[in-house]
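Respectively, the protein sequence lines represent chains R and Y.
Under our numbering, think of the first position of the first sequence as 1, with each following residue one higher.
Under our numbering, think of the first position of the second sequence as 1, with each following residue one higher.
These are computed hints drawn from the structure, not numbers from a lab.
35 angstroms max Cα-Cα, derived DSBU-like pairs, lysine-lysine:
1. 5/Y / 78/R
2. 99/Y / 15/R
3. 11/R / 83/R
Cβ-Cβ distance ranges computed for the label pairs, FRET-style:
4. 29/Y / 30/R: 15 to 25 angstroms
5. 74/Y / 18/R: 38 to 48 angstroms
6. 61/Y / 18/R: 40 to 50 angstroms
7. 64/R / 59/Y: 38 to 48 angstroms
Backbone N, C-alpha and C fix where the C-beta goes; we use that ideal spot for every residue, glycine too.
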Amino acid sequence: EAGVAQSPRYKIIEKRQSVAFWCNPISGHATLYWYQQILGQGPKLLIQFQNNGVVDDSQLPKDRFSAERLKGVDSTLKIQPAKLEDSAVYLCASRPPHGTGELFFGEGSRLTVL
Amino acid sequence: DQQVKQNSPSLSVQEGRISILNCDYTNSMFDYFLWYKKYPAEGPTFLISISSIKDKNEDGRFTVFLNKSAKHLSLHIVPSQPGDSAVYFCAASERGAQKLVFGQGTRLTINP
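The following block holds chain R by itself, in its conformation from the complex (with noise of 0.2 angstroms):
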């Protein structure tokens, strides 16, 4: 079974530029997520998509970051314009239908903001 795809890996980029972040799910996986992770700190959740709805994205900075779900299979995050803060790997995870609560994460996408 594959697992989660995301890409890019890595990304460099000035301030004030636009970066964007794919991610496909685990086939059959309904609900998918994108994670922040900032150095040294715990991955924090940004926003859940159940097929192409979205179920909670509360801690969203929704004047800069969006992202979308349109054929409630694979998700793109997009940040503009980024920040310095904005450094940080972002995570995609999905999540089968009928399974015990564990998410399966994908390798991350790693941004650089100089």
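Put chain Y on the given structure of chain R with help from the hints.
Then chain Y, alone, in the frame of chain R:
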């Protein structure tokens, strides 16, 4: 508001000895707890979990203990092996919710 706390940023243990990682939580609505392991440049991988109806769950060298009255859980690894060197995250979810709240992580180093 840090609902899940791991107060030890790092822990160093000798190979073959027991590693004990601790986690505290504040939200009494949490009813499912998990431990994830993370190697550098990789995503977190699930290690072991426990439901609030239990106080212990064991899987090979890994055991998780839950003390609901103290809102505390711990992960025991015995015997510790060099491959256990990683960052360990404690996570919790609330009844009916499908999202995980993570602690800050503890970096475990196993010394030969």
